[in-house]
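> Here are the chains, one letter per residue:
Protein chains: 4
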Amino acid sequence: MSHNIAIIGASGYTGAELIRLIATHPSFKIKALAANSKAGLPLAKVFPHLRHLDLPDLVTWEQIDFDQIDLCFCALPHKTSQEVISKLPKSVKIVDLSADFRLRDPEAYEKWYGNPHSAVEMQGEAVYGLTEFYRDEIAKARLVAGTGCNAATGQFILRPLIADQVIDLDEIILDLQCGVSGAGRSLKENLLHAELSEGSNAYAVGGTHRHLGEFDQEFSAIAGREVKIQFTPHLGPFNRGILATCYVKGELAEVEASLRKAYAEEPFVEVLEAGETPSTHHVRGSNFCHIGVVADRLPGRVIVVAALDNLTKGSSGQALQNANLMLGEEETAGLMLAPCFP
Amino acid sequence: MSHNIAIIGASGYTGAELIRLIATHPSFKIKALAANSKAGLPLAKVFPHLRHLDLPDLVTWEQIDFDQIDLCFCALPHKTSQEVISKLPKSVKIVDLSADFRLRDPEAYEKWYGNPHSAVEMQGEAVYGLTEFYRDEIAKARLVAGTGCNAATGQFILRPLIADQVIDLDEIILDLQCGVSGAGRSLKENLLHAELSEGSNAYAVGGTHRHLGEFDQEFSAIAGREVKIQFTPHLGPFNRGILATCYVKGELAEVEASLRKAYAEEPFVEVLEAGETPSTHHVRGSNFCHIGVVADRLPGRVIVVAALDNLTKGSSGQALQNANLMLGEEETAGLMLAPCFP
Amino acid sequence: MSHNIAIIGASGYTGAELIRLIATHPSFKIKALAANSKAGLPLAKVFPHLRHLDLPDLVTWEQIDFDQIDLCFCALPHKTSQEVISKLPKSVKIVDLSADFRLRDPEAYEKWYGNPHSAVEMQGEAVYGLTEFYRDEIAKARLVAGTGCNAATGQFILRPLIADQVIDLDEIILDLQCGVSGAGRSLKENLLHAELSEGSNAYAVGGTHRHLGEFDQEFSAIAGREVKIQFTPHLGPFNRGILATCYVKGELAEVEASLRKAYAEEPFVEVLEAGETPSTHHVRGSNFCHIGVVADRLPGRVIVVAALDNLTKGSSGQALQNANLMLGEEETAGLMLAPCFP
Amino acid sequence: MSHNIAIIGASGYTGAELIRLIATHPSFKIKALAANSKAGLPLAKVFPHLRHLDLPDLVTWEQIDFDQIDLCFCALPHKTSQEVISKLPKSVKIVDLSADFRLRDPEAYEKWYGNPHSAVEMQGEAVYGLTEFYRDEIAKARLVAGTGCNAATGQFILRPLIADQVIDLDEIILDLQCGVSGAGRSLKENLLHAELSEGSNAYAVGGTHRHLGEFDQEFSAIAGREVKIQFTPHLGPFNRGILATCYVKGELAEVEASLRKAYAEEPFVEVLEAGETPSTHHVRGSNFCHIGVVADRLPGRVIVVAALDNLTKGSSGQALQNANLMLGEEETAGLMLAPCFP
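For the record, the sequence lines run as chains X, Y, L and B.
Residues in the first sequence are numbered from 1 upward in steps of one, following the UniProt record's numbering.
Residues in the second sequence are numbered from 1 upward in steps of one, following the UniProt record's numbering.
Residues in the third sequence are numbered from 1 upward in steps of one, following the UniProt record's numbering.
Residues in the fourth sequence are numbered from 1 upward in steps of one, following the UniProt record's numbering.
Calculated from the structure, these hints are not laboratory results.
Keep in mind it's a predicted model, so treat the numbers as computed, not measured.
In this text, a Cβ means the ideal position worked out from N, Cα and C, and glycines have one as well.
Some hints could be false.
Which residues of chain Y face chain L? A partial, calculated answer using Cβ under 10 Å [what the hints assert, rightly or not]:
| id | residue |
| --- | --- |
| 1 | 114 |
| 2 | 115 |
| 3 | 203 |
| 4 | 282 |
| 5 | 284 |
Listed next, with one range per pair, are the computed distances between beta-carbon atoms [what the hints assert, rightly or not]:
| id | chain 1 | residue 1 | chain 2 | residue 2 | range |
| --- | --- | --- | --- | --- | --- |
| 6 | L | 114 | B | 265 | 46 to 56 Å |
| 7 | B | 298 | L | 118 | 52 to 62 Å |
| 8 | L | 186 | B | 257 | 38 to 48 Å |
| 9 | B | 273 | X | 37 | 32 to 42 Å |
| 10 | L | 186 | X | 63 | 53 to 63 Å |
| 11 | X | 203 | L | 188 | 14 to 24 Å |
| 12 | Y | 91 | L | 188 | 55 to 65 Å |
| 13 | L | 188 | Y | 274 | 50 to 60 Å |
| 14 | X | 254 | B | 41 | 29 to 39 Å |
| 15 | L | 118 | Y | 267 | 46 to 56 Å |
| 16 | Y | 87 | L | 187 | 56 to 66 Å |
| 17 | Y | 91 | X | 273 | 32 to 42 Å |
| 18 | B | 298 | X | 90 | 54 to 64 Å |
| 19 | Y | 91 | X | 68 | 49 to 59 Å |
Keeping only pairs whose Cα atoms sit at most 20 Å apart, straight-line, the calculated SDA-like set for lysine to any residue is [claimed, not checked]:
| id | chain 1 | residue 1 | chain 2 | residue 2 |
| --- | --- | --- | --- | --- |
| 20 | Y | 249 | L | 79 |
| 21 | X | 249 | B | 300 |
| 22 | L | 45 | B | 275 |
| 23 | L | 111 | Y | 298 |
| 24 | Y | 228 | L | 300 |
| 25 | X | 38 | L | 220 |
| 26 | B | 45 | L | 300 |
| 27 | X | 38 | X | 62 |
| 28 | X | 249 | B | 336 |
| 29 | Y | 188 | B | 207 |
| 30 | Y | 188 | B | 186 |
| 31 | Y | 188 | B | 37 |
| 32 | Y | 228 | L | 252 |
| 33 | Y | 38 | B | 188 |
| 34 | Y | 45 | X | 274 |
| 35 | X | 249 | B | 275 |
| 36 | L | 261 | B | 52 |
| 37 | L | 29 | B | 336 |
| 38 | B | 188 | X | 276 |
| 39 | B | 228 | X | 67 |
| 40 | Y | 188 | B | 183 |
In isolation and in its complexed conformation, chain X is listed as follows (with noise of 0.2 Å):
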């Protein structure tokens, strides 16, 4: 059975990114494609690597006619993207690839994101996008939230830790390297190839990254208590992936046993033989998360590390499995293109 999507946002990175993906997949069909800044425009002017498609040219969001379409996904930067999403037809799905739902209580939303809610009502409605673990929920929902990239790599890491109780909740640190992509598609002086390749930094240090929100809620909803991480993201001169190195306090048997539990059935998610560490190389392009599992020298520490590439399993990649789930499609539909190496 065909499906009609539209996608608003079409001209940053995830919009892309959700244009590659859906191109081979077998029942979705792209309806819409709307980009207010360059509506009347073929996509080709904005992303020549998808010229070759049979897409409709760009429009702005209002001229859509929601009848047609069963799914949209929403790519627009956060604070847009309530505005519009609260004023779409009720009849449409949606998953929104912004930060806009993934917290649902609205002081948190204010206080990461520094705007109050405009649409605090859908909050509670929406469901968290992190699909091998709101499955459930998320094929019967309306609105999804797709979940921060970088908080998706951490969550694979600590969510089967925290729910099996088998690490220190109080001493967790999440070291991570970040693609540039992962910026988007704006025009920032850091961002600049100049200014960012042949090198590395940190950024938002000292716990202030806004994806800690999602970290709070979602590792404290687990735990029962509050568990609150440290958090350090790294910008890096590669434009795809993300690598997590994690820090946690347990016994390396019992870290490794809960996450091959958690992803033993995963068809995206891989725990990889014991000693091997994954690299972003080896994920770059697909939907697949890699995940290794080291001992430290010192007894009761152990290190885990994700690689995962930040536009496909950490947005639209994600954003799509949690379509095919909404609409009753196989949930790898579209998914199983295998990394682009070297």
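Based on the hints, put chains Y, L and B in the right spot on chain X.
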């Protein structure tokens, strides 16, 4: 109908790219993977990015049961390739990705590759694998010789122009940049990240690159007279992609018309809108070739720029396209994946 | 003897490069740094890599007390530069790094830059800043116009060959790759890391790049007749460096002899051994230009390849070399630092 | 007063970096360059970026006339280094850049490096080369052991904090990214551009990196008790630079004060303004180390980030700084060049 596939030389980049592409092919099934120096290993030890696939372990090519195999890709180094291929059963169709059967003339082979050909009798049998121009012969062939990646790029620009007699045959300059995967997974000092990143250099300057053997053979055959072009490759700090900038003497309208006519019906080769020129970024990881045509400010001179991915359209994608023809499948099967950008 | 230096436009890459070089200069002292959009900031806020230097804070150029200044570098965008320079006191020597005084003919300026020149009277006074060829005039000049970085590279190859009449003036093709710092610290989508890394593209194809104005002016003057070359620049995924591959018609012996003669005594321009070609990696961060000469397989055709660092020899290093001459210092002062490799 | 210098191991990256730095040194003269595998070649054949320098050809180290040499840098691989150094005349001062004399305890050496030490008698004599903390001993030493590049970075962060007892000694995590030149000019698959660019991975996870031997030795000595840290290095797609992110337990004010006090008078180590964190981009090619200190949102936890260039401050620049002290020269001689950005 399903076809059983073997790949010999599965531990190199073109081997890995074949596997990546075949992974989504509707009717090809990989039955055997050979890499004599890595025999016994699971492929995931050699290419961790392919670990999600259910693939046979690596064996030596001698261990393959060719009775089970419909078509075999050979992704071996030249010279080794001819030795192996000459020993394969005649019942197996072969797509060779090496240089060994590209040149029909044994003397030309020896001149460019430095050793006498050890399977001269098969040189005549082999069909040159530039799909768009040898489609019918390829469909009937038992042995197809994949082209050089640079050679493919240059021919996409020049074959129609020579055939249509719209350019001066004695004044052709092909200046080209190639990504580093074109040199294979070989341990050479100049391929190290520290030596290659953040800069550029020419190599094989002065008409010594081996792909000139293919240009000479093909262009002279088309023209019915000897055609020798100037060709300078450069090694660029990127992994995938060839950008060829070709300087010809002719009239824009005729050059453009010749190219548009040649590729009007082609699924993978696209001539851009007037004034546009391509970028390797926009074909990365895909089987597409983009061509742009621009008049120089000097009357009677035209610049044609082409971009493709050396590992895909320049090598393994082309090989799969040929295999599709040889096995009676849809030519585009497994090859329509969109470029991976950014 | 010590000289007081001002730099206007200190917040761009060429400004920063001037400061980097002057930091080790034995007799130049930076007295004022202007950047009107950043006035009031310490330089370290704009360029943290220069934080170890004891430098004046940024001011507006109008705040500079020019009575104290011996020589002023102007690293402003074109058009702004002419407006500012025309208001500076005549007592101050000026090295302009913009395009504003490179073209002596006001019509040529307007043709290539799109606006009428607002300081036409100074265009005649300005000396073209290609040190190796205008040394005597530069030493006596008040206003020196730094060359385009691509224009410098092409001229290092072609000026001797044209002057010595060893090549066909109607058959010159200059194909060139430029690193991204050549585009300045400007917020443009195509300069983002995600858009530029891992690939290559041509731009200004067909003879539309502004540096052709310089080539036309200089080469025609040397030849005593109109000379128009073909020139295609490419943007490569590296920060510093220009690699120019030039196709000429002539005899190798004559071409090589012409270049060797021209640069035999030059401290910064080196003609490599026969058969060698240069790499931008080996001049990065330095004021050196390496030139290689190779005969093509086609008789009567020669390829000359040149490499330099666009920010140093192509811009700020050249500017400092000129300033040394204008102030009676050793021409090489502050400029002998070795390239930074790897 | 002029000093005659020899470099053994001149064909590696640290050798080349020594030559680059010494090229602008006011009183050091390179008299001999040894590289046994390349003996007989001019250095320009091995490092074309140094071709402008007037240098002796490469010889074997046995061919060096040490009567002429005041100080010899050994930039050999570990194990080879101890064998060579034990045979050098006692009259020659030596700065060793290998790992061979960093660990004073022969058992520790054997544990981390896998072979028994063959010059145990010299292990006691060698002074650990972290200039800022061993200045007086270095000035009097005959043999100085350069530190590991990662080890230097971690110690710049942690030595003052341990000495001042402002952090919990059992809760130190050092997470670090290192550029690829840290692995030397070695032909390993994982150092190829195609394998390394566009991604990141951890290595030596779990406390197996050899530089931990230095951390254990030094930190335990300072603390007067055993101190063992957790340390995870990552390999990043850049050539130069180390970025270390260190998680400690302590109070921001005390941590910051400790670092500011330690480096107040240091010419090369700078503690950034409160809230600022460093970037490797801003120390590239220089001898500077930038350190930033930030409080985590969790009380009692602090993050310290340090950046330096592994080839310069982490290796050859440090070696030159030590040689300056050993020969009675200004400590900063030849080392004040500004970082090369962009």
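> Does residue 188/Y pair with residue 186/B here, judged by a C-alpha cut-off of 20 Å?
The given pair, whose Cα atoms are some 9 Å apart, holds under the 20 Å limit.
> Please verify whether residue 29/L and residue 336/B have alpha carbons no more than 20 Å apart.
This hinted pair holds, its Cα atoms lying about 16 Å apart.
> Would you check the hint for residue 249/X and residue 336/B, treating anything up to 20 Å between C-alpha atoms as holding?
With a Cα-Cα distance of about 44 Å, the restraint between residue 249/X and residue 336/B is violated, given a limit of 20 Å.
> Can the restraint linking residue 228/Y and residue 252/L be considered satisfied, given a maximum Cα separation of 20 Å?
holds, 19 Å
> With the threshold set at 20 Å, check whether the alpha-carbon distance from residue 249/X to residue 275/B stays at or below it.
Not OK: residue 249/X and residue 275/B at ~29 Å, beyond 20 Å, violated.
> With the threshold set at 20 Å, check whether the alpha-carbon distance from residue 228/Y to residue 300/L stays at or below it.
holds, 13 Å
> Quickly compare the C-alpha distance for residue 188/Y and residue 183/B to 20 Å and report which way the hint goes.
holds, 15 Å
> Holds or violated: 55 to 65 Å for the Cβ distance of residue 91/Y and residue 188/L?
holds, 58 Å
> Holds or violated: residue 261/L and residue 52/B, Cα atoms, limit 20 Å.
Given pair residue 261/L, residue 52/B holds - Cα atoms ~18 Å apart, limit 20 Å.
> Quick check on a hinted range of 53 to 63 Å for residue 186/L and residue 63/X, using CB atoms only.
Since residue 186/L and residue 63/X have Cβ atoms about 33 Å apart, the given range 53 to 63 Å is violated.
> Between residue 188/Y and residue 37/B, is the straight-line Cα distance small enough, at 20 Å or below?
Measuring from Cα to Cα gives roughly 16 Å; hence the hint holds.
> Against the range 29 to 39 Å, how does the distance between the Cβ atoms of residue 254/X and residue 41/B compare: consistent or not?
Once the Cβ atoms are compared, 57 Å apart, the range 29 to 39 Å for residue 41/B and residue 254/X is violated.
When the structure is compared with the earlier hints, violations turn up for hints 1, 2, 10, 13, 14, 18, 20, 25, 26, 28, 29, 35, 39 and for no others.
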